[in-house]
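Colleague: Sequence:
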Amino acid sequence: MVDMEDGEQKDGAFMNLVPIAMNDRGCDLAAAVRGIVQDFVGYNKEFEEQASLLRARAEEDYGGEVGGMVEKTVEAYQAIVTGILQFSIQSPRYGIKEYEREDGSFAISL
0 MVDMEDGEQK DGAFMNLVPI AMNDRGCDLA AAVRGIVQDF VGYNKEFEEQ ASLLRARAEE
60 DYGGEVGGMV EKTVEAYQAI VTGILQFSIQ SPRYGIKEYE REDGSFAISL
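Just so you know, numbering that gives the first Met the number 0 puts 69 at position 70 of the sequence shown, and the rest follows in order with no gaps.
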(Lines of atoms letter the chains of each structure in order from A; the text may use other names.)
(Lines give C-alpha, C1' and ligand atoms only; values in the text may rest on other atoms or scores of the structure.)
Protein backbone atom coordinates (compact mmCIF):
# COMPACT_ATOMS: atom_id res chain seq x y z
CA MET A 0 0.00 0.00 0.00
CA VAL A 1 1.23 3.48 -0.85
CA ASP A 2 1.77 5.87 2.05
CA MET A 3 -0.11 9.01 0.99
CA GLU A 4 2.18 11.16 3.12
CA ASP A 5 5.36 9.95 1.44
CA GLY A 6 7.35 11.03 -1.59
CA GLU A 7 5.80 12.79 -4.54
CA GLN A 8 2.34 12.92 -3.00
CA LYS A 9 3.61 14.72 0.10
CA ASP A 10 5.40 17.47 -1.81
CA GLY A 11 2.70 17.75 -4.47
CA ALA A 12 5.02 16.85 -7.36
CA PHE A 13 2.83 14.24 -9.00
CA MET A 14 4.77 12.24 -11.55
CA ASN A 15 2.07 9.62 -11.93
CA LEU A 16 -0.54 9.78 -14.65
CA VAL A 17 -3.35 8.47 -12.42
CA PRO A 18 -3.72 11.48 -10.08
CA ILE A 19 -3.23 13.80 -13.04
CA ALA A 20 -6.06 12.04 -14.90
CA MET A 21 -8.27 12.11 -11.80
CA ASN A 22 -7.79 15.86 -11.53
CA ASP A 23 -8.11 16.64 -15.25
CA ARG A 24 -11.15 14.41 -15.78
CA GLY A 25 -12.76 15.05 -12.42
CA CYS A 26 -13.20 11.34 -11.77
CA ASP A 27 -12.42 8.70 -9.19
CA LEU A 28 -9.50 6.28 -9.21
CA ALA A 29 -11.24 3.46 -11.07
CA ALA A 30 -12.52 5.76 -13.82
CA ALA A 31 -9.10 7.38 -14.20
CA VAL A 32 -7.40 4.00 -14.61
CA ARG A 33 -10.03 2.83 -17.13
CA GLY A 34 -9.62 6.05 -19.08
CA ILE A 35 -5.83 5.80 -19.12
CA VAL A 36 -5.98 2.20 -20.33
CA GLN A 37 -8.42 3.21 -23.09
CA ASP A 38 -6.13 6.10 -24.05
CA PHE A 39 -3.10 3.83 -24.32
CA VAL A 40 -4.99 1.26 -26.39
CA GLY A 41 -5.96 4.09 -28.73
CA TYR A 42 -2.40 5.44 -28.87
CA ASN A 43 -1.09 1.99 -29.75
CA LYS A 44 -3.68 1.51 -32.48
CA GLU A 45 -2.92 4.94 -33.94
CA PHE A 46 0.84 4.26 -33.87
CA GLU A 47 0.41 0.93 -35.67
CA GLU A 48 -1.88 2.47 -38.30
CA GLN A 49 0.48 5.37 -38.97
CA ALA A 50 3.53 3.10 -39.01
CA SER A 51 1.85 0.88 -41.61
CA LEU A 52 1.05 3.89 -43.78
CA LEU A 53 4.59 5.21 -43.44
CA ARG A 54 6.11 1.84 -44.31
CA ALA A 55 3.94 1.49 -47.41
CA ARG A 56 4.58 5.04 -48.57
CA ALA A 57 8.34 4.80 -48.06
CA GLU A 58 8.50 1.54 -49.98
CA GLU A 59 6.26 2.81 -52.78
CA ASP A 60 7.83 6.25 -53.17
CA TYR A 61 11.48 5.54 -52.41
CA GLY A 62 12.09 1.82 -52.71
CA GLY A 63 13.61 -0.85 -50.54
CA GLU A 64 16.53 1.03 -49.01
CA VAL A 65 14.39 3.81 -47.57
CA GLY A 66 11.69 1.30 -46.70
CA GLY A 67 14.28 -0.62 -44.68
CA MET A 68 15.36 2.53 -42.86
CA VAL A 69 11.75 3.37 -42.03
CA GLU A 70 11.24 -0.17 -40.74
CA LYS A 71 14.30 0.14 -38.49
CA THR A 72 13.03 3.48 -37.18
CA VAL A 73 9.59 2.06 -36.38
CA GLU A 74 11.21 -0.92 -34.65
CA ALA A 75 13.40 1.45 -32.61
CA TYR A 76 10.35 3.36 -31.37
CA GLN A 77 8.66 0.08 -30.48
CA ALA A 78 11.80 -1.04 -28.61
CA ILE A 79 11.90 2.21 -26.62
CA VAL A 80 8.31 1.82 -25.45
CA THR A 81 8.76 -1.87 -24.70
CA GLY A 82 11.99 -1.17 -22.81
CA ILE A 83 10.38 1.48 -20.64
CA LEU A 84 7.50 -0.87 -19.85
CA GLN A 85 9.84 -3.75 -19.00
CA PHE A 86 11.96 -1.48 -16.81
CA SER A 87 8.87 -0.31 -14.94
CA ILE A 88 7.71 -3.89 -14.40
CA GLN A 89 11.13 -5.15 -13.25
CA SER A 90 12.16 -2.15 -11.14
CA PRO A 91 11.83 -2.57 -7.37
CA ARG A 92 10.96 1.14 -7.25
CA TYR A 93 7.45 0.48 -8.59
CA GLY A 94 6.79 -2.91 -6.97
CA ILE A 95 4.84 -4.21 -9.96
CA LYS A 96 6.66 -7.52 -10.47
CA GLU A 97 5.23 -8.99 -7.26
CA TYR A 98 1.73 -8.84 -8.78
CA GLU A 99 2.58 -10.86 -11.88
CA ARG A 100 0.47 -13.96 -12.49
CA GLU A 101 1.68 -17.21 -14.03
CA ASP A 102 0.16 -16.26 -17.40
CA GLY A 103 2.13 -12.99 -17.49
CA SER A 104 -0.80 -10.74 -16.64
CA PHE A 105 -0.91 -8.62 -13.51
CA ALA A 106 -3.49 -8.39 -10.73
CA ILE A 107 -3.06 -5.11 -8.89
CA SER A 108 -5.74 -4.02 -6.46
CA LEU A 109 -6.41 -0.31 -6.52
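Treat the hints as calculated values from the structure; they're not laboratory data. Remember, it's a predicted structure, so these values are computed and weren't measured experimentally. Hints are supplied without guarantee of correctness; some may be wrong.
Stated by the list, open to error - Under the rule of at most 20 Å between Cα atoms (straight-line distance), these lysine to aspartate or glutamate pairs were calculated in the EDC-like manner:
no., residue 1, residue 2
1, 71, 45
2, 71, 58
3, 44, 70
4, 71, 60
5, 71, 99
6, 44, 60
Colleague: So, for every hint listed, does it hold in this structure?
Modeller: Verification of the supplied hints:
no.: 1; hint: 71 <-> 45; result: 18 Å, holds
no.: 2; hint: 71 <-> 58; result: 13 Å, holds
no.: 3; hint: 44 <-> 70; result: 17 Å, holds
no.: 4; hint: 71 <-> 60; result: 17 Å, holds
no.: 5; hint: 71 <-> 99; result: 31 Å, violated
no.: 6; hint: 44 <-> 60; result: 24 Å, violated
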